[in-house]
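Using the working numbering, you'd call the opening residue of the sequence shown number 128 and step up by one each time.
Think of the hints as simulated: they come from the structure by calculation, not from any bench.
Bear in mind that the values here come from a model prediction, so they are computed numbers and not experimental data.
Treat the hints with care, as some may be off.
List time: in silico DSS-like cross-link candidates among lysine-lysine, alpha-carbon distance up to 30 angstroms [to be verified]:
| id | residue 1 | residue 2 |
| --- | --- | --- |
| 1 | Lys-186 | Lys-236 |
| 2 | Lys-439 | Lys-391 |
| 3 | Lys-423 | Lys-392 |
| 4 | Lys-470 | Lys-513 |
| 5 | Lys-382 | Lys-423 |
| 6 | Lys-186 | Lys-217 |
| 7 | Lys-236 | Lys-253 |
| 8 | Lys-253 | Lys-322 |
| 9 | Lys-382 | Lys-269 |
| 10 | Lys-513 | Lys-423 |
| 11 | Lys-327 | Lys-382 |
| 12 | Lys-253 | Lys-217 |
| 13 | Lys-322 | Lys-439 |
| 14 | Lys-269 | Lys-327 |
| 15 | Lys-439 | Lys-423 |
| 16 | Lys-322 | Lys-269 |
| 17 | Lys-322 | Lys-391 |
| 18 | Lys-185 | Lys-217 |
| 19 | Lys-185 | Lys-253 |
| 20 | Lys-179 | Lys-269 |
| 21 | Lys-392 | Lys-322 |
| 22 | Lys-513 | Lys-502 |
| 23 | Lys-392 | Lys-269 |
| 24 | Lys-327 | Lys-392 |
| 25 | Lys-391 | Lys-423 |
| 26 | Lys-185 | Lys-236 |
| 27 | Lys-327 | Lys-391 |
| 28 | Lys-392 | Lys-439 |
| 29 | Lys-382 | Lys-392 |
| 30 | Lys-179 | Lys-217 |
| 31 | Lys-423 | Lys-502 |
| 32 | Lys-470 | Lys-502 |
| 33 | Lys-269 | Lys-391 |
| 34 | Lys-322 | Lys-179 |
| 35 | Lys-186 | Lys-253 |
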Amino acid sequence: VSTLAEAYQLTGDENYREVMEDSLAFVERELAHPDGGFYSSLDADSEGEEGKFYVWDKKEVDGVLGEDSALFCEFYDVTDEGNWAEHPGKPRTNILRVREPLEAFAGRKGMDTDRVAALLAAARSKLMAHRSLRVRPGLDDKIILGWNALMNTACSQAYAATGNQLYRELASANMDFLLTRFNTGEGNQLRHTWKNNEAKYPAFLDDYAYIIEALIFLQETTMETRWIDVASGLVQFVLEEFREEGGDLFYYTGKSQSDVLLRKKEIYDGAVPSGNAVMASNLYKLGLLTGHTEWKDQAFRMIGTMGALVIKYPGSFGVWSTVLLEMVSGTSEIAVVGPGAGKLNQEILGVYLPHRVLMATEREREDFPLLAGKKAGEYGEIFLCKDFACLQPVMTTEALRTLINSAKMVD
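Let the sequences and hints guide you as you build the complete structure.
Rendered as structure tokens:
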């Protein structure tokens, strides 16, 4: 979802938006706890067959859709021969897949694209209703802090790309869920899993790194700086509990977790990002936002420790590479201040602007360095800054992009 959101910001290609929205609709429909959390996973199989809940035989599709079946089956490659695994003695089944762009398909059929899209959407709704009668795959209903935090970031990025309030509401509700249900009641210490109204096991480095990252994104989308305060408290806890002695990387487990014989450090970006890499990014960005220069300095030292490996094996260190690139390229510090800050903030979020931090407020604020000293005029104004020294404010996103490009050329 995060990748699709950025792709849509960069290109404006509606295909990216559609797949992103469908993915989020699936998560909300199939994996959402009523109070805001997200469950872990669904089984791949049901009734002993992998994918059975999701595949279709052509006769079944014909029976549900009637005269609309031919168009649907041609577009989604549904045939009597099937395109999925065979099961002896059973009809051959199909995964619904798109093999031709909608516009090209509609043109080849001599039909209006919007008309075809509407027919296909109506057909999908009918099939979805029919599918709901099947035996469902098993649900792993434990809720994992780190995985939820990654989903939270994805919701914030989806809101940024589309302006759809639902995604911001999902992120806010999920964050409230995480900070209340996973809290131990002992300062900033969190738990790793939650199920049946019980949080268990000390949270790992990944859990903290991902939720801090999610809080940074949530601050941008909601304009609520309280999320930065929460993130800062969690950073301080991580520094005290997870940082290696005499070094700058972090252990995977906290020093208070007494049942661990050997504390390891995870540095590789794999199926999920390295907690150390995400913490390097968090420390760097929060250092810029809060003025904690020691956090920013530690992020640079972490990159210094990892730099040679990252450059030699970038495929194993994707997030590390991203952080390194931002440090080398420089970060745009963007502040939006004034009565029109909300609208301007949403416009900025909707544009692909990598390597930046962002804060917005409708009133004058002195409690964060990036906002301090900036007067709220009659309209909202955008300030582009570096090390809290700012250029003359501008009033449009396009003017901001021009400033950023000019600043990069000067650098």
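Okay, the hints, checked on the actual structure:
no., hint, in the structure
1, Lys-186 - Lys-236, "holds (23 angstroms)"
2, Lys-439 - Lys-391, "holds (22 angstroms)"
3, Lys-423 - Lys-392, "holds (21 angstroms)"
4, Lys-470 - Lys-513, "holds (23 angstroms)"
5, Lys-382 - Lys-423, "holds (23 angstroms)"
6, Lys-186 - Lys-217, "holds (12 angstroms)"
7, Lys-236 - Lys-253, "holds (23 angstroms)"
8, Lys-253 - Lys-322, "violated (34 angstroms)"
9, Lys-382 - Lys-269, "holds (25 angstroms)"
10, Lys-513 - Lys-423, "holds (14 angstroms)"
11, Lys-327 - Lys-382, "holds (17 angstroms)"
12, Lys-253 - Lys-217, "holds (23 angstroms)"
13, Lys-322 - Lys-439, "violated (42 angstroms)"
14, Lys-269 - Lys-327, "holds (10 angstroms)"
15, Lys-439 - Lys-423, "holds (24 angstroms)"
16, Lys-322 - Lys-269, "holds (5 angstroms)"
17, Lys-322 - Lys-391, "holds (27 angstroms)"
18, Lys-185 - Lys-217, "holds (12 angstroms)"
19, Lys-185 - Lys-253, "holds (15 angstroms)"
20, Lys-179 - Lys-269, "holds (23 angstroms)"
21, Lys-392 - Lys-322, "holds (28 angstroms)"
22, Lys-513 - Lys-502, "holds (18 angstroms)"
23, Lys-392 - Lys-269, "holds (26 angstroms)"
24, Lys-327 - Lys-392, "holds (22 angstroms)"
25, Lys-391 - Lys-423, "holds (24 angstroms)"
26, Lys-185 - Lys-236, "holds (21 angstroms)"
27, Lys-327 - Lys-391, "holds (21 angstroms)"
28, Lys-392 - Lys-439, "holds (20 angstroms)"
29, Lys-382 - Lys-392, "holds (13 angstroms)"
30, Lys-179 - Lys-217, "holds (12 angstroms)"
31, Lys-423 - Lys-502, "holds (27 angstroms)"
32, Lys-470 - Lys-502, "holds (17 angstroms)"
33, Lys-269 - Lys-391, "holds (25 angstroms)"
34, Lys-322 - Lys-179, "holds (27 angstroms)"
35, Lys-186 - Lys-253, "holds (15 angstroms)"
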